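Engineer: Spelled out, the chains give:
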Amino acid sequence: MKLNITALCAGYGRDNRVIDHLTLTVEEGEIITLIGANGSGKSTLLKTIGRLLPPESGGVYLDGRAVHDWPTGQLAREMAILPQLNSAPDDLSVAELVAYGRYPYRQRWRSSSDHDRAMVRQALQLTHLAALRDRPVATLSGGERQRAWIAMTLAQEPQVLLLDEPTTFLDVCHQLEIIELIGRMNRELGLTIVMVLHDLNLAARCSHRLAAIKDRRIRYLGSAAEIMTPEILRDIFNIQARIITGDDDIPYFIPTASCGGLPHPTHKQESSS
Amino acid sequence: MTATRVENSSRQHDRRRLRPLILLGLAIFVLLAFFFSLHQGVLQLSPGEMLRTIFSGEDSVNRQIICGIRLPRNLTAALAGICLALAGAILQGIMRNPLASPNLIGVSAGGGLGAVIVLIVLPQYYLLLVPAAFGGALAATLMIYLLAWKRGIQPMRLVLAGVAVSSLLGAIINALLLFYPDRVVGILDFMVGSLSARSWRQVHLIWPYALGGTILSLLLSRRLNILVLGDAAAVGLGIRVERTRLLLIAVSALLAAAAVSVTGLLGFVGLIAPHMMRLIIGSDYRYLLPSCAMFGAGLLMTCDTLGRIVMPPVELPVGIIMAMLGAPFFLYLLRRKNTA
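Just so you know, the protein sequences line up as chains F and C, in that order.
When the letters of the first sequence are read in order and numbered with my numbering, they come out as residues 404 to 676.
When the letters of the second sequence are read in order and numbered with my numbering, they come out as residues 806 to 1145.
The hints are simulated quantities; they were obtained by calculation from the structure and are not laboratory data.
Bear in mind the structure is a predicted one, so any value in this text is a computation, not a measurement.
Please note that the accuracy of each hint is not assured.
[What the hints assert, rightly or not] Here are some, though not all, of the chain F residues that point toward chain C, as calculated from beta-carbon distances under 10 Å:
| no. | residue |
| --- | --- |
| 1 | K450 |
| 2 | G453 |
| 3 | R454 |
| 4 | L455 |
| 5 | T475 |
| 6 | R480 |
| 7 | N489 |
| 8 | E499 |
| 9 | R509 |
| 10 | Q559 |
| 11 | L565 |
| 12 | E568 |
| 13 | F572 |
Heads up, the beta-carbon is just placed ideally off N, CA and C, and yes, glycines get one too.
The shape of chain F in the complex, shown without the other chains:
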């Protein structure tokens, strides 16, 4: 399923428009990562795509139909969301959480079908959580917990998966684990993935394309090799960086300096200098 974002304006009221006439096409089966400075609107864009925020104008179209017009339960079978913040009751087990992913397929007066159970099992296997299925989510480590939530989104059998900073708060090993899982879901299940990541090196590692957001629009769009250049990084993040290309042809960046102060110095700083 193709995801089209056309002339999208979104934000938090008239005076606080975060995205302005943004246009982007996400191809079926690709992993695209939104990057940009704090407050650039990455998360807002992702939230609008996931119908968590209504657009002011323009639209997000899945399979030619605006996501805000889809019956929300039906859309939940095509598109799943991993929010940045979520909560689970203390006694909720991994298997129960993952089974909530079957909620969009529920039928009243019917308990779960064989297919429901098979999908939950498959999601647990893919995320390597089968052994932990009866453990309360609250007792898991950060990485395991994130995998459990991803397993829930997988149980929705979506075509499109939206991930909002899936690696934040995790240590390096668990970050890589999540990134590898994302790659596996894309290859084995053909999932189209749109995500927000703060770590550029991780983003370069697993994404087909990077979309860099600045000034309320997509400023640069392309492969990691095209986007990860000192000039673009300077423009987007206001940093000086060195780019090294590894043996696997994946570019890595090493930040060397910020480009002198904040991009928009406050009046106070101006007057004191």
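Following the hints, put chain C in place on chain F, whose structure we already have.
Structural biologist: Leaving out everything else, chain C in the frame of chain F:
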């Protein structure tokens, strides 16, 4: 470490299988509480005699006491307990706040103000007490909801608006009490929550709410489970979060308002019953809601009966008994959970 983890998960597993048994146990508790309250009092009949009195058609004094006085009071207690416990459980879920109770959405303050106005300022309209309390409770909830609305409802803003509106209404209540110091005694029963002299009229008033609220909340229990995961996750799973939350707030406001207008300010049941049941049966709303309803019913009947029999001929209002027994037991459960 691994050992405790394994133990943890197997204990979890056990509790899941125990859930139907716990529900059965609660049903037995409700029945026992029901017959205990019918039985206890100045007139004491043997169980056999009691049943014969109820089902015989003759119009005896015994039958009047059992069927005309104890039975309706008992049913009022049970139905109010169901309403308040369900309202509390639902509110704790949608607010994601363990302190949420019917008091929080203004039901007590609004209902209290309605009752105080009738009882103190307009005592000649005593018959309007129940509708005034009911209307006051719903009006306060509506006010809080509208004040908290800003491009959608955030639970935290709702909690804060609830606290603010409740203290405002509380201040008005106190001001009225100061203006009419001679009539304060009459309002006391309502403020602490009492079931004395409740008759079939109260039963008829409250049962449609109890029944409708129970059915609706059970139908919404799966959605409540999803809502607890957070707004974003719930939208992702295809829930219309704002609409569902408004529906649930309306259901709990109706439940609590119906109970409060009949029994007075008994909000405490709505706070402790869901917490106790969560510790015992877990947080899955499909089991939590029915268990809360049964526990609330049994608890209120038992406490009311104790209030009648501890120091006759004086009757202690059920609200006082419940707080004095409920609070320590509640604290004990909390401590036990933390050390386990």
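Engineer: Give me the numbers of the hints this structure contradicts, sorted from smallest to largest.
Structural biologist: 12 and 13
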